[in-house]
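Single-letter residue listing:
2 protein chains.
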Amino acid sequence: MVEAIAEVAALRHKVAEPRKGGARVGFVPTMGALHRGHAELLRVARSQADVLVASIFVNPLQFDRKDDLDRYPRTWEADLAICEEQGVDLVFAPTVQDLYPQEQLTFVDAPVLTQYLCGAFRPGHFRGVATVVLKLFNAVQPDFACFGEKDAQQLAVIRRMVADLNLPVEIVPVPTVREEDGLALSSRNKLLSAEDRLVAPRFAEALRAVIATVQAGEQDVARAKQAAYQLLAATPQMQVEYLELVDADTMTPVETIGDEGLLAAAVWLGGVRLIDNMRWNR
Amino acid sequence: MVEAIAEVAALRHKVAEPRKGGARVGFVPTMGALHRGHAELLRVARSQADVLVASIFVNPLQFDRKDDLDRYPRTWEADLAICEEQGVDLVFAPTVQDLYPQEQLTFVDAPVLTQYLCGAFRPGHFRGVATVVLKLFNAVQPDFACFGEKDAQQLAVIRRMVADLNLPVEIVPVPTVREEDGLALSSRNKLLSAEDRLVAPRFAEALRAVIATVQAGEQDVARAKQAAYQLLAATPQMQVEYLELVDADTMTPVETIGDEGLLAAAVWLGGVRLIDNMRWNR
Chain A
1 MVEAIAEVAA
11 LRHKVAEPRK
21 GGARVGFVPT
31 MGALHRGHAE
41 LLRVARSQAD
51 VLVASIFVNP
61 LQFDRKDDLD
71 RYPRTWEADL
81 AICEEQGVDL
91 VFAPTVQDLY
101 PQEQLTFVDA
111 PVLTQYLCGA
121 FRPGHFRGVA
131 TVVLKLFNAV
141 QPDFACFGEK
151 DAQQLAVIRR
161 MVADLNLPVE
171 IVPVPTVREE
181 DGLALSSRNK
191 LLSAEDRLVA
201 PRFAEALRAV
211 IATVQAGEQD
221 VARAKQAAYQ
231 LLAATPQMQV
241 EYLELVDADT
251 MTPVETIGDE
261 GLLAAAVWLG
271 GVRLIDNMRW
281 NR
Chain B
1 MVEAIAEVAA
11 LRHKVAEPRK
21 GGARVGFVPT
31 MGALHRGHAE
41 LLRVARSQAD
51 VLVASIFVNP
61 LQFDRKDDLD
71 RYPRTWEADL
81 AICEEQGVDL
91 VFAPTVQDLY
101 PQEQLTFVDA
111 PVLTQYLCGA
121 FRPGHFRGVA
131 TVVLKLFNAV
141 QPDFACFGEK
151 DAQQLAVIRR
161 MVADLNLPVE
171 IVPVPTVREE
181 DGLALSSRNK
191 LLSAEDRLVA
201 PRFAEALRAV
211 IATVQAGEQD
221 VARAKQAAYQ
231 LLAATPQMQV
241 EYLELVDADT
251 MTPVETIGDE
261 GLLAAAVWLG
271 GVRLIDNMRW
281 NR
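Which chain is which? The protein sequence lines are A and B, in order.
For the first sequence, our numbering assigns the number 1 to the initial residue and increments by one for each residue that follows.
For the second sequence, our numbering assigns the number 1 to the initial residue and increments by one for each residue that follows.
It is possible that part of the hints are untrue.
Said to hold, decoys possible - Taking lysine to aspartate or glutamate and the EDC-like style, the derived pairs with C-alpha atoms no more than 20 Å apart in a straight line are: (1) A:Lys14 <-> A:Glu3; (2) A:Lys225 <-> A:Glu195; (3) A:Lys150 <-> A:Asp181; (4) A:Lys150 <-> A:Glu260; (5) B:Lys150 <-> B:Asp181; (6) A:Lys190 <-> A:Asp70; (7) A:Lys14 <-> B:Asp143; (8) A:Lys20 <-> A:Asp143; (9) B:Lys20 <-> A:Asp151; (10) A:Lys150 <-> A:Asp249; (11) B:Lys20 <-> A:Asp50; (12) A:Lys150 <-> A:Glu195; (13) A:Lys20 <-> B:Asp50; (14) B:Lys150 <-> B:Glu260; (15) B:Lys14 <-> A:Asp143; (16) A:Lys20 <-> B:Glu17; (17) B:Lys14 <-> B:Asp67; (18) A:Lys190 <-> A:Asp151; (19) A:Lys20 <-> B:Asp181; (20) B:Lys20 <-> A:Asp143; (21) B:Lys20 <-> B:Asp143; (22) A:Lys14 <-> A:Glu84; (23) B:Lys190 <-> B:Glu77; (24) B:Lys190 <-> B:Glu179.
It should be emphasised that the hints constitute simulated quantities derived from the structure, not laboratory data.
Chain A extracted, bound-state conformation (with noise of 0.2 Å):
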């Protein structure tokens, strides 16, 4: 079974020893409740590390309700096989009290790529996000970390924190992982009804009709968000909470449409918040 460790001073002690053979040292954050896209994050890191080590850790300071913090799936068991099928070598797994063994008084934060958003409607989401991945980073010290598209502003925000901090770590990009039908892999997919869940791949076709309307040469921000808001009319039970083109860099919205770009969406069904996005280049 694969070993797991929950001391941030046993973890560097272990990880230490290979490292200084010259082992390239490969890092999957995870929150647990693995999935196939948690799967492919590791298959990535696999192919590219000498050591890979994967972190579970349900993180309370990225969370700003504290119902989805309680309810928030945690299938240890079922986790730990993934990440043995996947060949991950440590699984990194501190509980709280390992991880803030005091208040935490420090934070990351980027407060100009989280005004929009995620970041706009989940106060504090991103820095409890960027504070945790920057010890976990100090805790691993890893050479390369693997994160995947779905989370895009998350991914921006990591990328640049790498960027702004000098931090000795390569950022990975993994691309999203889908259901057949379209809908992109989330951990919180599983709190969706049987009946919602029916209705959740509408979410994505939105957002591929918008795309598919600026590749063909919309510059209208207005009028490209349109193709999305007429597909969703039909699912009333669908609520957009956001739905934003933006610069995939600083995760701000674009007054007209340029050559490339991201478009982000969040939207709530049946009480369960999903979010997707999708890029265009033209």
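Once you've looked at the hints, dock chain B against the given chain A.
Just chain B now, kept in the frame of chain A:
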């Protein structure tokens, strides 16, 4: 002559070799204008390091006033001579462009630790300090770094940052160096007029008076402070910005005077801002 390096990549390359061989890397970050206080930091660091790196960088991000940044003393040749004297192996002297090649969008913040004292009067200052120190740490990757007790709130912020972010760096505090008349050494002292320089020692004297009162058993904060204000009544050209008895870890004011703590103060003298602090322990 001691070697000076401007680029992060070149610095990393230079330090990688001895580190691989097991060398202990020491680091002293400075803003130049080096005086005997810095020499003491370098001396302490030298005694514990195999490889000693000093940085000289006047960090725009931590200046809340442009006039203060513009007139901050720059004494490059003399600084290099002091580094040489103290046995520094490498001087890291990036340009602003080297350290901030693009707009800095990621920041490190410790809001609780910086709400009082200097933090209350210099908005953004400690965010700039913490951010640049983390950038420098990530560039140098030292085993330990020396900081002066003179900048007490800065030391508290850096110590907490290291603990909160799991940084693999040991922080070594170095006691304040003083002139014979008691004035704490500071790069800003040379900005004082000859007349003000004669009055300046009253600042440390006032702090010593408070500490004496506390050591003698005073428990009331207002009465303890009175010892300083009485003494400073004779020097109206010296204006107190703040004078607080604080918890030495959290830098928040104490309500009644306990067994130990820190007295910290800032004064303005002829347009120059001076800070100083002393501990009590009874």
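Do the hints match the structure? See the list:
{"no.": "1", "hint": "A:Lys14 <-> A:Glu3", "in the structure": "holds (11 Å)"}
{"no.": "2", "hint": "A:Lys225 <-> A:Glu195", "in the structure": "violated (26 Å)"}
{"no.": "3", "hint": "A:Lys150 <-> A:Asp181", "in the structure": "holds (16 Å)"}
{"no.": "4", "hint": "A:Lys150 <-> A:Glu260", "in the structure": "holds (18 Å)"}
{"no.": "5", "hint": "B:Lys150 <-> B:Asp181", "in the structure": "holds (16 Å)"}
{"no.": "6", "hint": "A:Lys190 <-> A:Asp70", "in the structure": "holds (15 Å)"}
{"no.": "7", "hint": "A:Lys14 <-> B:Asp143", "in the structure": "holds (18 Å)"}
{"no.": "8", "hint": "A:Lys20 <-> A:Asp143", "in the structure": "holds (13 Å)"}
{"no.": "9", "hint": "B:Lys20 <-> A:Asp151", "in the structure": "violated (36 Å)"}
{"no.": "10", "hint": "A:Lys150 <-> A:Asp249", "in the structure": "holds (15 Å)"}
{"no.": "11", "hint": "B:Lys20 <-> A:Asp50", "in the structure": "holds (18 Å)"}
{"no.": "12", "hint": "A:Lys150 <-> A:Glu195", "in the structure": "violated (23 Å)"}
{"no.": "13", "hint": "A:Lys20 <-> B:Asp50", "in the structure": "holds (18 Å)"}
{"no.": "14", "hint": "B:Lys150 <-> B:Glu260", "in the structure": "holds (18 Å)"}
{"no.": "15", "hint": "B:Lys14 <-> A:Asp143", "in the structure": "holds (18 Å)"}
{"no.": "16", "hint": "A:Lys20 <-> B:Glu17", "in the structure": "holds (12 Å)"}
{"no.": "17", "hint": "B:Lys14 <-> B:Asp67", "in the structure": "violated (36 Å)"}
{"no.": "18", "hint": "A:Lys190 <-> A:Asp151", "in the structure": "holds (18 Å)"}
{"no.": "19", "hint": "A:Lys20 <-> B:Asp181", "in the structure": "violated (51 Å)"}
{"no.": "20", "hint": "B:Lys20 <-> A:Asp143", "in the structure": "holds (15 Å)"}
{"no.": "21", "hint": "B:Lys20 <-> B:Asp143", "in the structure": "holds (13 Å)"}
{"no.": "22", "hint": "A:Lys14 <-> A:Glu84", "in the structure": "holds (18 Å)"}
{"no.": "23", "hint": "B:Lys190 <-> B:Glu77", "in the structure": "holds (17 Å)"}
{"no.": "24", "hint": "B:Lys190 <-> B:Glu179", "in the structure": "holds (13 Å)"}
Going through the hint list in order, the structure does not satisfy hints 2, 9, 12, 17, 19.
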